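Please model the entire structure based on the sequences and the hints provided.
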Amino acid sequence: MEKPKIATASLAGCFGCHMSLLDIDDRILKLFELVQFDKSPIDDIKKFTGQCAIGLIEGGCCNEENVHNLQNFRKHCGILISVGDCAINGGIPAMRNNIPLKECFDEAYRDGPSVYNPEGIIPNDKEIPLLLDKVYPCHHVVKVDYYLPGCPPPADTLWEALVALLSNKPLDLPYELIKYD
Amino acid sequence: MSVEFKQTIKEICEACGNDRSLMMDVVIATQKRFGCVSNEAMDLIAENMNAHRVEVEGVVSFYSFLSPDPKGQVVIRLCNDVVDQMQGVQAVAEAFKKELGIDFGQTTPDGKITLEWTPCIGMCDQAPAALINDMVFTYLSTDKVREITDELKKHGDPEQIPIRYGDGNNAHDLVKSMVNNGLRKKGAVIFGQHEAEKGVKNALSMSAVEVIREVKNARLRGRGGAGFPTGMKWEFTRAADGDKKYILCNADEGEPGTFKDRVILTERADLLFEGMTIGGYAVGSDEGILYLRAEYAYLRAFLENVLKERRDRGLLGKNACGKDGFDFDIRIQMGAGAYICGEETALISSCEGLRGDPKNRPPFPAQKGYKECPTSVNNVETFCAVARILDKGAAWFSEVGSQGSPSTKLLSVSGDCTNPGVYEFPFGMRVDDLLKKVGAQDVQAVLIGGPSGQLIGSADFERTICYDDLATGGSVIVFNSKRNILEIVGQYMDFFVEESCGYCTPCRVGNVLLRNGIEKIIHGQGEKADLDYLQELGETVKLASRCGLGQTSPNPVLTSLKNFRAVYEAVLIEPTDGQQPSFDIKAALSVSEDLTGRKSEIYKD
Numbered sequence: 005m006e007k008p009k010i011a012t013a014s015l016a017g018c019f020g021c022h023m024s025l026l027d028i029d030d031r032i033l034k035l036f037e038l039v040q041f042d043k044s045p046i047d048d049i050k051k052f053t054g055q056c057a058i059g060l061i062e063g064g065c066c067n068e069e070n071v072h073n074l075q076n077f078r079k080h081c082g083i084l085i086s087v088g089d090c091a092i093n094g095g096i097p098a099m100r101n102n103i104p105l106k107e108c109f110d111e112a113y114r115d116g117p118s119v120y121n122p123e124g125i126i127p128n129d130k131e132i133p134l135l136l137d138k139v140y141p142c143h144h145v146v147k148v149d150y151y152l153p154g155c156p157p158p159a160d161t162l163w164e165a166l167v168a169l170l171s172n173k174p175l176d177l178p179y180e181l182i183k184y185d
Numbered sequence: 053m054s055v056e057f058k059q060t061i062k063e064i065c066e067a068c069g070n071d072r073s074l075m076m077d078v079v080i081a082t083q084k085r086f087g088c089v090s091n092e093a094m095d096l097i098a099e100n101m102n103a104h105r106v107e108v109e110g111v112v113s114f115y116s117f118l119s120p121d122p123k124g125q126v127v128i129r130l131c132n133d134v135v136d137q138m139q140g141v142q143a144v145a146e147a148f149k150k151e152l153g154i155d156f157g158q159t160t161p162d163g164k165i166t167l168e169w170t171p172c173i174g175m176c177d178q179a180p181a182a183l184i185n186d187m188v189f190t191y192l193s194t195d196k197v198r199e200i201t202d203e204l205k206k207h208g209d210p211e212q213i214p215i216r217y218g219d220g221n222n223a224h225d226l227v228k229s230m231v232n233n234g235l236r237k238k239g240a241v242i243f244g245q246h247e248a249e250k251g252v253k254n255a256l257s258m259s260a261v262e263v264i265r266e267v268k269n270a271r272l273r274g275r276g277g278a279g280f281p282t283g284m285k286w287e288f289t290r291a292a293d294g295d296k297k298y299i300l301c302n303a304d305e306g307e308p309g310t311f312k313d314r315v316i317l318t319e320r321a322d323l324l325f326e327g328m329t330i331g332g333y334a335v336g337s338d339e340g341i342l343y344l345r346a347e348y349a350y351l352r353a354f355l356e357n358v359l360k361e362r363r364d365r366g367l368l369g370k371n372a373c374g375k376d377g378f379d380f381d382i383r384i385q386m387g388a389g390a391y392i393c394g395e396e397t398a399l400i401s402s403c404e405g406l407r408g409d410p411k412n413r414p415p416f417p418a419q420k421g422y423k424e425c426p427t428s429v430n431n432v433e434t435f436c437a438v439a440r441i442l443d444k445g446a447a448w449f450s451e452v453g454s455q456g457s458p459s460t461k462l463l464s465v466s467g468d469c470t471n472p473g474v475y476e477f478p479f480g481m482r483v484d485d486l487l488k489k490v491g492a493q494d495v496q497a498v499l500i501g502g503p504s505g506q507l508i509g510s511a512d513f514e515r516t517i518c519y520d521d522l523a524t525g526g527s528v529i530v531f532n533s534k535r536n537i538l539e540i541v542g543q544y545m546d547f548f549v550e551e552s553c554g555y556c557t558p559c560r561v562g563n564v565l566l567r568n569g570i571e572k573i574i575h576g577q578g579e580k581a582d583l584d585y586l587q588e589l590g591e592t593v594k595l596a597s598r599c600g601l602g603q604t605s606p607n608p609v610l611t612s613l614k615n616f617r618a619v620y621e622a623v624l625i626e627p628t629d630g631q632q633p634s635f636d637i638k639a640a641l642s643v644s645e646d647l648t649g650r651k652s653e654i655y656k657d
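Chains D and Z are the protein sequences, given in the same order.
The numbering of the first sequence is this note's numbering, which starts it at 5 and goes up by one.
The numbering of the second sequence is this note's numbering, which starts it at 53 and goes up by one.
Misleading hints may appear alongside valid ones.
Heads up, simulated DSSO-like pairs for lysine-lysine below, C-alpha to C-alpha not over 27 Å straight-line [unchecked claim]: (1) Lys534(Z) <-> Lys651(Z); (2) Lys206(Z) <-> Lys147(D); (3) Lys106(D) <-> Lys638(Z); (4) Lys50(D) <-> Lys651(Z); (5) Lys534(Z) <-> Lys130(D); (6) Lys79(D) <-> Lys656(Z); (7) Lys50(D) <-> Lys34(D); (8) Lys79(D) <-> Lys534(Z); (9) Lys138(D) <-> Lys411(Z); (10) Lys206(Z) <-> Lys196(Z); (11) Lys138(D) <-> Lys656(Z); (12) Lys183(D) <-> Lys411(Z).
Hints listed in this document are in silico derivations from the structure and should not be mistaken for laboratory results.
Quantities reported herein were computed from a predicted structural model and do not represent experimental measurements.
Right, dumping it as structure tokens:
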């Protein structure tokens, strides 16, 4: 039987959740026995090769490319999981949500104390994705099936969740893995 | 900073004995004198009161009637409660905007008049209504707005605006208000004929334990809505360790649609203070505090005078009512615009001169309340009931009413009915009987107990108003068949979002999510799954919130989901293919497209 495919992406995140996935250590070999990685930074496949069973999303949506990517994941993945606080709540990038976009640009490119930009240029190549008015959590853009909170979710949480999902068993995480203070 | 300014602040602080627990009085006085509690004022207050600056700013930023930025000498606060919306407050609001040339939240360029929205001011039976400084203006219309603004432009003094005084004590020299009592039905207990001070005299001839036993025998339950047995509360307070004990009266009736305490404060102030005196004697307290909501500041001078007369007559003070060794007096603590302060532990915080944050329980106030001392907090109506119980006896008191809820209850009825106002009815009255009495027809829904209570439909109109069935602190709001249930629910959620103190996450965040969920459905973007989400979220907020606000704030959503599910289902859409219908990429990109001057390459038209 063909192994189920899994895809992952980091949107407006820090790749910390992906690092946490790597933190499952040697169990990653076991994971490769269970699944085949499709589009993911882990194997550097850039485009979906077909439909996937599971999609793991790190990070929220701060620009149009994130939205496009996420919508693409929704189309290609049977089960979509928001992984980590940025995907679920917007996280650190969402701290800009109370500040108008123009002020963010001015601070970053024009008025910041360490900025040297005498012409006051704001980078504006068409290759640069346009920012959204604010940072959106993933489930505000597409429907999300499961949430794995944490910053990042511990490696064991990711492992247990994937194994439970792949073996079609209920997920029973010990208190230590879902306690955050 | 002028010397005079410094001196005035110093005097304000000194008038309160530089006592940090009277911080509310200091900042309210400063606000009144200067139109704001400025940064400089906060520094000076902190210095004079030997407090940290953050303590002062914490208080100023908490209450909506206090402001660090200058406001006009005249502040117009128009009530945007749901009932006012139903009675056409929007047209009134537009008229204010047009006449003053400013929007809500703004001050006229000459700095004279500020226009603001405010939640329920306890005038639902005479809506639309507004506060102009401390004065209440009822039954507003666009014509009246023009008259008011013309007058204000002429002399800038709301007190010079000609008004016709309301009935009863509303016309009293110390009130002079256009508010009407709207007392439609007097019952035997609160508004019945009674011999003044007989209750307190009887009480003082008994031992404190006997007084509590009499209250327990009458099976009196708290009239604020929660219905905790008053006698038991007093027993706990009396039994708690501590030399100093307090009896507090909750006159912060902020639950939208509740205005019965206003009528008691206007017409039965002596009975209330009599009840408080009995309470003080029963729990072993020598100090009572009446916590009066800022919206009722127009009653303050009158109430202070009632207290003064009682002192002059020996009913308060040393050896109160002639009882040797019973020293008892009452002070008034003003609030400053915060719904949460109706919650008893938040009320205690506010009386202590702090932000109106609720406290952790346990310990309960009966163990550790005001200033860490055993404290009993009771509703205005509860104290009046106590005075009548001690006057006529427990048996007389519980003659009427239902099994679990003896005696009468004041109901403040508003909304779609011909006779809004205050009614004193025995507990156990059926909703449909009440609707008949108040002249309500074509009724779609009734909100019993305000937004923190239950929204019921015709299937429940046979149910009865009492603690064991439909409990209410007094609020009954009627909606006819033309009203949009979902919009009403949304407006009440707006109210809770605004009034959440922000201390705990379930309430601070959960109410916002509930409101957004309702808006999504109103905008025709909701699916069946969204109803399940709202149900689950509402239950979580109730379960996980720290105080009564968050434990009841999801009720508009939850009770309407239960009783008006068809209304929701009628506007649901078929599930989409995984995209969120509420996400609008074009709108999300519009700011960026404007700033960069280019269009999206990915999302072209």
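Checklist entry - Taking only the CA atoms, is the gap from Lys79(D) to Lys656(Z) under or equal to 27 Å? => result holds, 20 Å
Item to check | 27 Å limit on alpha-carbon distance, applied to hinted pair Lys206(Z) and Lys147(D) | outcome: Distance ~59 Å between Lys206(Z) and Lys147(D) Cα, so the pair is violated.
Next on the checklist: For a C-alpha distance cap of 27 Å, please report whether Lys138(D) and Lys656(Z) respect it.
Outcome noted: Cα-Cα ~20 Å, so holds.
Item to check | Hint consistency between Lys206(Z) and Lys196(Z) [alpha-carbon to alpha-carbon, up to 27 Å] | outcome: Cα-Cα ~15 Å, so holds.
Item to check | Satisfaction of hint between Lys411(Z) and Lys138(D), Cα-Cα up to 27 Å | outcome: Roughly 35 Å between the alpha carbons, so the hint for Lys138(D) and Lys411(Z) is violated.
Next on the checklist: Lys50(D) and Lys34(D) were given as a pair; does the straight-line alpha-carbon distance stay at or below 27 Å?
Outcome noted: holds, 23 Å
Checklist entry - If you draw a straight line from the CA of Lys183(D) to the CA of Lys411(Z), is it 27 Å or shorter? => result holds, 25 Å
Checklist entry - Within a Cα-Cα threshold of 27 Å, do Lys534(Z) and Lys651(Z) meet the stated pairing? => result violated, 44 Å
Checklist entry - Regarding the pair Lys50(D) and Lys651(Z), is the alpha-carbon distance no greater than 27 Å? => result Holds, at roughly 25 Å.
Item to check | Pairwise hint evaluation, Lys638(Z) against Lys106(D), where the allowed Cα distance is 27 Å at most | outcome: Measuring from Cα to Cα gives roughly 18 Å; hence the hint holds.
Checklist entry - Between Lys534(Z) and Lys130(D), does the CA-CA distance stay at or below 27 Å? => result violated, 52 Å
Checklist entry - Can the restraint linking Lys79(D) and Lys534(Z) be considered satisfied, given a maximum Cα separation of 27 Å? => result Cα-Cα ~42 Å, so violated.
In this structure, the earlier hints numbered 1, 2, 5, 8 and 9 are contradicted, and the remaining ones agree with it.
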